[in-house]
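*Asks:* Use the sequences and the hints to build the structure in full.
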Amino acid sequence: MKKIALIAVAAAAFSANPAMAQATGTINLTGVVASKCFVEGTPIGGTHDFTALDATNGTMRTDLATDFGTKNFTVKCSSLNPTVSVKALPLATTATATAGYDNSIDYNAIVTVDKSGGGTTAVTDASTDTTATTGTVGARLANSTNNVRVTTASYATGSNTDLLVAGTYNGSIEITISPTN
Amino acid sequence: MRKLLFLAIPAVLASPVLAQPALAQNASGTVSIDGSVAGRCLFTVPNQTISLVELLAGE
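These protein sequences, in sequence, are chains A and B. Going by our numbering, the first sequence opens with residue 16, and the numbers climb by one from there. Going by our numbering, the second sequence opens with residue 483, and the numbers climb by one from there.
Any given hint could be a false lead.
Under the rule of at most 20 Å between Cα atoms (straight-line distance), these lysine to any residue pairs were calculated in the SDA-like manner [what the hints assert, rightly or not]:
id, chain 1, residue 1, chain 2, residue 2
1, A, 130, B, 508
2, A, 51, B, 516
3, A, 51, B, 508
4, A, 102, B, 516
Treat the hints as calculated values from the structure; they're not laboratory data. Here the structure is a predicted model, which is why all the values come from computation and not from measurement.
*Replies:* Here it is, written out as structure tokens:
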């Protein structure tokens, strides 16, 4: 009986060794980045004043695209394939125009964006309609300065012999770059 | 019962079902283009020669 008791005591002492137990666990770290596009530096905007739109003979000047030049902007996006939307509104005045005259100049607005990894994507909108043109970059937007450029082309009146009526002409180019979720 | 109702209201408000989804942030802007045409008139043929032939009266 005493022998059994000794064995029992020894077994209990062996199994109750607290130094052998381990406490383990994991702390998980999580976070999010929202899909967004934002302008860095100069905001998308500004005004380009052509001053006189008419040539010496009273028709539209033919150098308006060169006069407008290129407007550079820097946009950063966190999403994979951003969307570019462009709407050009014609240069127009409120004065009425009859046969042989015009009170509006149409043109194309072109937004060219640089792609990450190289290459560019251009989205062109004509001012002749009221619908914006939308396209996707086709890649991530390049993480670089002046990665969005705005140019214009194909300025025209109804007929190239039309005389422009006197007045102040206003137009605009609306640009939106959105993250694609 | 009323106490339970009061406890339930904040829980419903905090529910993700009712949470407002965040709107995507866009980069947008407008480039304005202006110009003008002054009122004016011009001769499309700036000069012309008119020959009067013999100016001396035959007296």
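*Asks:* Compare the structure with each hint and give your call.
*Replies:* Checked hints:
Taking the CA atoms of residue 130 of chain A and residue 508 of chain B, the gap is about 18 Å. The hint holds against a cut of 20 Å. For a cut-off of 20 Å, the pair hint linking residue 51 of chain A to residue 516 of chain B is broken: about 32 Å separates their Cα positions. Restraint check: the Cα-Cα separation between residue 51 of chain A and residue 508 of chain B comes to about 6 Å, which is no more than 20 Å; the hinted pair holds. Of the pairs offered as hints, the one joining residue 102 of chain A and residue 516 of chain B holds, with about 16 Å between alpha carbons and a cut-off of 20 Å not exceeded.
Violated hints amount to a single one, hint 2; each of the other numbered hints is respected by the structure.
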